[in-house]
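S.K.: So the sequence lines, in the order shown, correspond to chains S and Y. Sequential numbering of the first sequence, starting at 1, is according to full-length UniProt numbering. Sequential numbering of the second sequence, starting at 1, is according to full-length UniProt numbering.
There may be inaccurate statements among the hints.
[To be verified] With a straight-line Cα cutoff of 30 angstroms, these simulated DSSO-like cross-link-like pairs (lysine-lysine) come out:
1. K21(S) with K72(Y)
2. K69(Y) with K45(S)
3. K53(Y) with K210(S)
4. K60(Y) with K177(S)
5. K89(Y) with K60(Y)
6. K126(S) with K128(Y)
7. K71(Y) with K89(Y)
8. K90(Y) with K54(Y)
9. K181(S) with K21(S)
10. K51(S) with K36(S)
11. K60(Y) with K93(Y)
12. K89(Y) with K126(S)
13. K60(Y) with K36(S)
14. K93(Y) with K54(Y)
15. K33(S) with K93(Y)
16. K95(S) with K128(Y)
17. K69(Y) with K21(S)
18. K177(S) with K69(Y)
19. K177(S) with K53(Y)
20. K53(Y) with K181(S)
21. K71(Y) with K54(Y)
22. K71(Y) with K177(S)
23. K167(S) with K60(Y)
24. K128(Y) with K72(Y)
25. K89(Y) with K69(Y)
26. K33(S) with K181(S)
Please keep in mind that the hints were generated in silico from the structure rather than gathered at the bench. Small disclaimer: the values here were computed from a predicted structure and weren't measured.
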Amino acid sequence: MEEDEFFGEKTFQHHCSEFIKHSQQIGDGWEWKSSKDCSDGYMCKTHFQIKSGTVVSNPGIYNGVQTCLPVEEVLEVPLDDFEVTQTAMASEVIKYEYHVLYSSSYQVPVLYFRASFLDGRPLALKDIWEGVHECYQTRLLQGPWDTITQQEHPILGQPFFVLHPCKTNEFMTPILKNAQKINRNINYITSWLSIVGPVVGLNLPLSYGKATSQDEVHC
Amino acid sequence: MAEEPETMLQLPSTPAAGGEGLTDVSPETATPEPPSSAAVSPGTEEPSGDTKKKIDILLKAVGDTPIMKTKKWAVERTRTIQGLIDFIKKFLKLVASEQLFIYVNQSFAPSPDQEVGTLYECFGSDGKLVLHYCKSQAWG
Numbered sequence: 001m002e003e004d005e006f007f008g009e010k011t012f013q014h015h016c017s018e019f020i021k022h023s024q025q026i027g028d029g030w031e032w033k034s035s036k037d038c039s040d041g042y043m044c045k046t047h048f049q050i051k052s053g054t055v056v057s058n059p060g061i062y063n064g065v066q067t068c069l070p071v072e073e074v075l076e077v078p079l080d081d082f083e084v085t086q087t088a089m090a091s092e093v094i095k096y097e098y099h100v101l102y103s104s105s106y107q108v109p110v111l112y113f114r115a116s117f118l119d120g121r122p123l124a125l126k127d128i129w130e131g132v133h134e135c136y137q138t139r140l141l142q143g144p145w146d147t148i149t150q151q152e153h154p155i156l157g158q159p160f161f162v163l164h165p166c167k168t169n170e171f172m173t174p175i176l177k178n179a180q181k182i183n184r185n186i187n188y189i190t191s192w193l194s195i196v197g198p199v200v201g202l203n204l205p206l207s208y209g210k211a212t213s214q215d216e217v218h219c
Numbered sequence: 001m002a003e004e005p006e007t008m009l010q011l012p013s014t015p016a017a018g019g020e021g022l023t024d025v026s027p028e029t030a031t032p033e034p035p036s037s038a039a040v041s042p043g044t045e046e047p048s049g050d051t052k053k054k055i056d057i058l059l060k061a062v063g064d065t066p067i068m069k070t071k072k073w074a075v076e077r078t079r080t081i082q083g084l085i086d087f088i089k090k091f092l093k094l095v096a097s098e099q100l101f102i103y104v105n106q107s108f109a110p111s112p113d114q115e116v117g118t119l120y121e122c123f124g125s126d127g128k129l130v131l132h133y134c135k136s137q138a139w140g
């Protein structure tokens, strides 16, 4: 088993494929896209969120906090209970795209992402930073350009934001070593994405955490 | 939910009465709550979620992360992963720039907003939830 020392492109593709299998089971929307010559590819997911708080009619309620509601939640809220309905409906739908690519220079997966309004206007990095979970903000504020950079997507050639991969080995190694110690096969992509995803607003359903140890999924 | 880290650090092994946040679990003083009339989930010995307000968590260090002197904690179900991370960081006296990750199943990091009660339902066994934690300079 070479996964412990060397996370090569084939291993990357294998783990992505296992990850996507579970995604399909739970309807999580991840897909594999191959490059034109099919030599490599990436995993991607698109989701839409309503970003409220851009027009604040009741500052007291928001307290300056931006709330991102998935589309389904907004539609279910009864009108009379939701005082800021007008604000929510005046807000915009944001399209988030997440791409997982393999970096041959770092030999780890890398998370590319971008966000835009439905009319195609891209979200600025400032807005993306504001969407970052507060637990990561301290570190980000100390050196934002160390963490999120803007780069050209290696396959699509379009500008994306990238979560810098140079520390990936550092936080993945303890998990891998531990898994090796207890003879457990883990999915590198699942573990890695569960860590980096929340930094940029991507949260994996809990069932991914069980998928590697048993087939039955009940959460 | 009020955090009282100072109180936690001063606590010997006596659990605080009715405090919010985390209390130390001592085997001889832990009192199981009486089962309610609500339906008991099939296949488990635990009463259904509503009756037990706190769940038992066992914290295990991974890698070079310092080991907590107290590993067993009774935590309110609604405590989030983020809340737990903040607590452990204070307990271990980590600096703000150090990241702490918490894992279930030794491999999966739940998102920071996830409540421990939900994690217990999915990943708990033998009446407790085992969480591994690991510190890292994750970014940059």
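S.K.: If a hint holds in the structure, say so; if it does not, say that too.
M.R.: Taking the hints in turn, this is what the structure says about them:
1. Proximity of K21(S) to K72(Y) is assessed by CA-CA distance (about 36 angstroms); at most 30 angstroms being required, the pair is judged violated.
2. With a C-alpha separation of about 42 angstroms, the suggested pair K69(Y) and K45(S) falls outside the 30 angstroms cut-off, and the hint is violated.
3. Restraint check: the Cα-Cα separation between K53(Y) and K210(S) comes to about 24 angstroms, which is no more than 30 angstroms; the hinted pair holds.
4. The hinted pair formed by K60(Y) and K177(S) meets the criterion: a straight-line CA distance of about 15 angstroms does not exceed 30 angstroms.
5. For the hint linking K89(Y) to K60(Y), the alpha-carbon distance of about 14 angstroms falls within 30 angstroms, and the restraint holds.
6. Taken as a hint, the K126(S) and K128(Y) pair is broken in the structure, with Cα atoms around 41 angstroms apart against an allowance of 30 angstroms.
7. The suggested pairing of K71(Y) with K89(Y) holds, with an alpha-carbon distance near 14 angstroms, which does not exceed 30 angstroms.
8. Simply put, K90(Y) and K54(Y) have alpha-carbon atoms about 21 angstroms apart, close enough for the 30 angstroms limit, and the pair holds.
9. For the given pair, K181(S) sits about 26 angstroms from K21(S) by alpha-carbon distance, which is consistent with the 30 angstroms threshold.
10. Between K51(S) and K36(S) the alpha-carbon distance is near 34 angstroms, which puts this suggested pair outside the 30 angstroms criterion.
11. Simply put, K60(Y) and K93(Y) have alpha-carbon atoms about 17 angstroms apart, close enough for the 30 angstroms limit, and the pair holds.
12. A hinted pair counts as satisfied when its Cα atoms are at most 30 angstroms apart, and K89(Y) with K126(S) qualifies at roughly 28 angstroms.
13. At most 30 angstroms may separate the alpha-carbon atoms for a hinted pair to count; K60(Y) and K36(S) exceed this at roughly 46 angstroms.
14. For a cut-off of 30 angstroms, the pair hint linking K93(Y) to K54(Y) stands: about 25 angstroms separates their Cα positions.
15. About 44 angstroms separates the Cα atoms of K33(S) and K93(Y), which puts this hinted pair outside 30 angstroms; it is violated.
16. Of the pairs offered as hints, the one joining K95(S) and K128(Y) is violated, with about 39 angstroms between alpha carbons and a cut-off of 30 angstroms exceeded.
17. Straight-line distance between C-alpha atoms of K69(Y) and K21(S) comes to about 41 angstroms, which puts the hinted pair past the 30 angstroms bound.
18. At roughly 23 angstroms between alpha-carbon atoms, K177(S) and K69(Y) fall within 30 angstroms of each other, so this suggested pair holds.
19. Between K177(S) and K53(Y), the direct Cα distance comes to roughly 35 angstroms. Violation of the 30 angstroms bound is thereby established for this hinted pair.
20. For the suggested pair K53(Y) and K181(S), the alpha carbons sit about 35 angstroms apart, so the restraint of at most 30 angstroms is broken.
21. Simply put, K71(Y) and K54(Y) have alpha-carbon atoms about 16 angstroms apart, close enough for the 30 angstroms limit, and the pair holds.
22. With a C-alpha separation of about 22 angstroms, the suggested pairing of K71(Y) with K177(S) holds against the 30 angstroms cut-off.
23. Restraint check: the Cα-Cα separation between K167(S) and K60(Y) comes to about 23 angstroms, which is no more than 30 angstroms; the hinted pair holds.
24. For the hint linking K128(Y) to K72(Y), the alpha-carbon distance of about 9 angstroms falls within 30 angstroms, and the restraint holds.
25. Pair hint K89(Y) plus K69(Y) holds up; C-alpha atoms about 13 angstroms apart against a cutoff of 30 angstroms.
26. Between K33(S) and K181(S), the direct Cα distance comes to roughly 34 angstroms. Violation of the 30 angstroms bound is thereby established for this hinted pair.
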